[in-house]
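A.B. asks: Residues per chain are reported as follows:
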Amino acid sequence: MELTNNYTIIELFERLVADESWEADENERLALAKAMFLSLNRIVPLKI
Amino acid sequence: MDQTLDLKEQRKQNFVDAISFKEPKKVPVGAEVIMWPLTYRGGTYLDVIDDPDRTVEEYIAFLDDVPLDYIAMSPGISHSVRMHETLGSKSYVIARDGTTLQHAQGELSFIAAEEYPKIIDDLENFASDEWVKRNFPALNVDSPDEAYESLKKAASIFKVFTNTNRRITNNIFEERGILNLTDSTSVRFGSNLNTLFDHLRGIPATLSDLRRRPELVDAACAAIKATKSFPYDVKDYIGKPHPLGSATYHSECFLSPPLFDKYFFNDFRDACMPFMEAGVKFWIKGEGQFLNTLDRYRQLPQGSVVFMLDEDDPFEVHKQIGDWCSIGAGITADLLRMGSIEKCKDYVKKCFDTFAPGGGFIFLQNKPLLCGGDATPEVIRAVYELADELSRK
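Protein sequences appear in the order of chains A and B.
Heads up, the first sequence is in this note's numbering, so the first residue is 1 and it goes up one at a time.
Heads up, the second sequence is in this note's numbering, so the first residue is 1001 and it goes up one at a time.
Everything labelled a hint here was simulated from the structure, so no lab data went into it.
Note that the structure is predicted; figures quoted are calculated from it, not measured.
Keep in mind that the hints are not guaranteed to be accurate.
Stated by the list, open to error - 20 Å max Cα-Cα, derived EDC-like pairs, lysine to aspartate or glutamate:
1. B:K1349 / A:E28
2. A:K47 / B:E1057
3. B:K1159 / A:E28
4. B:K1285 / A:E23
5. B:K1153 / A:E20
6. B:K1008 / A:D19
7. B:K1159 / A:E23
8. B:K1152 / A:E28
9. B:K1152 / A:E11
10. B:K1012 / A:E28
11. B:K1159 / A:D19
12. B:K1319 / A:E23
13. A:K47 / B:D1270
14. A:K47 / B:D1218
15. B:K1240 / A:E11
16. B:K1152 / A:D19
17. B:K1153 / A:E14
18. B:K1152 / A:D25
19. B:K1159 / A:E14
20. A:K34 / B:E1149
21. B:K1152 / A:E20
22. A:K34 / B:E1342
As the list claims (entries may be wrong) - Beta-carbon label-pair distances, calculated as ranges:
23. A:N6 / B:L1007: 23 to 33 Å
24. B:L1207 / A:N6: 18 to 28 Å
25. B:Q1289 / A:E26: 26 to 36 Å
26. B:D1065 / A:N6: 50 to 60 Å
27. B:K1225 / A:S39: 17 to 27 Å
Here a beta-carbon is modelled for each residue, glycine too, at the ideal position from N, C-alpha and C.
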């Protein structure tokens, strides 16, 4: 599969952590984003 | 609630006694369950997948009838199929029975042989970006806004998924006082080869690489080791046999004894021995057959490891290592699925008669209950009622 874009997955997750529209609680948002990031790549944690 | 706490403490003491070769007041009776509980009342996962309340209700229903002291590993829904669908991945799908979560490893875009340098040179960058884009097409589009909308939608689904599992585990471990073997503080060990085998190169290619390009496998394992954290300080674990540490076999049953040492045991021993010497007990979740490597465990302190067996005959395992390591055994997946109730009961009795005297035994199936047909309610109740009765003698 070709990678044709000029953004990174970490940038998308940084946006997710800052976005209150899907989860109001900041700590919960960060915890969920970290868990989701690891569940997608299975190897490296999200370092934000 | 105090009674529940007392019950959980008793279960913990019995578990620790059993795996320390002391005869417990009650032999711990446990199970590993994944998706099967959702079928106990005749339904399927598809019936409840989009209704968290019903998912929780159906998942925990079997516990009203089946007496359990502990549940091994992590109960709950193992993967969010809806999240994978939203991100365009077909790697986790619901099987034709409507319940089993199938890992379709063939749908993943693993690295090709010539791509080894990507993980050897910069695994962190590769895993966190290219690997994700290759395997989740909705995150690999021209527009970052479009990718972000998919991620946000998937995150909302993931939130519901994690909340549902939290409610399931809260009911099991807090409200019912069933013992959890591990928790977030547990020392967890994973082999570097398994990361390559499961996530980066895939099963067939990794096994072939062990013969054709072992130097690349070794370099990749070194890169994986450098990326992983092992964030445990032995001082925090002195005199704490519970929660258990854990390690899970996956590639191990395919390895010759020398390769087993090289890619699993030596690293496991070096990393985990100090914790065992401090009193931590380790849960080894076996996969496949591993009778030919059990002798290695005599290098570790007696009573520091408990095995969940898989394909090996527990009576042979008990002869070989039963004086040194504890075993989880008592009923097999094939008997639960296809045996008569009488045959199941005979096997349960034989296990208790052979393994229970002197401790070193916990009751457990050899494979998790994964699929709807893995055991009928009648068989599972008969087996666990008998195990519960025998466990008190």
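A.B. asks: Please go over all the hints and tell whether each is borne out by the structure.
C.D. replies: The hints, checked one at a time:
no.	hint	verdict
1	B:K1349 / A:E28	violated (48 Å)
2	A:K47 / B:E1057	violated (36 Å)
3	B:K1159 / A:E28	holds (9 Å)
4	B:K1285 / A:E23	violated (36 Å)
5	B:K1153 / A:E20	holds (13 Å)
6	B:K1008 / A:D19	violated (40 Å)
7	B:K1159 / A:E23	holds (9 Å)
8	B:K1152 / A:E28	holds (14 Å)
9	B:K1152 / A:E11	holds (13 Å)
10	B:K1012 / A:E28	violated (31 Å)
11	B:K1159 / A:D19	holds (14 Å)
12	B:K1319 / A:E23	violated (55 Å)
13	A:K47 / B:D1270	violated (28 Å)
14	A:K47 / B:D1218	violated (27 Å)
15	B:K1240 / A:E11	violated (40 Å)
16	B:K1152 / A:D19	holds (9 Å)
17	B:K1153 / A:E14	holds (15 Å)
18	B:K1152 / A:D25	holds (15 Å)
19	B:K1159 / A:E14	holds (17 Å)
20	A:K34 / B:E1149	holds (18 Å)
21	B:K1152 / A:E20	holds (11 Å)
22	A:K34 / B:E1342	violated (49 Å)
23	A:N6 / B:L1007: 23 to 33 Å	violated (57 Å)
24	B:L1207 / A:N6: 18 to 28 Å	violated (37 Å)
25	B:Q1289 / A:E26: 26 to 36 Å	violated (49 Å)
26	B:D1065 / A:N6: 50 to 60 Å	holds (56 Å)
27	B:K1225 / A:S39: 17 to 27 Å	holds (22 Å)
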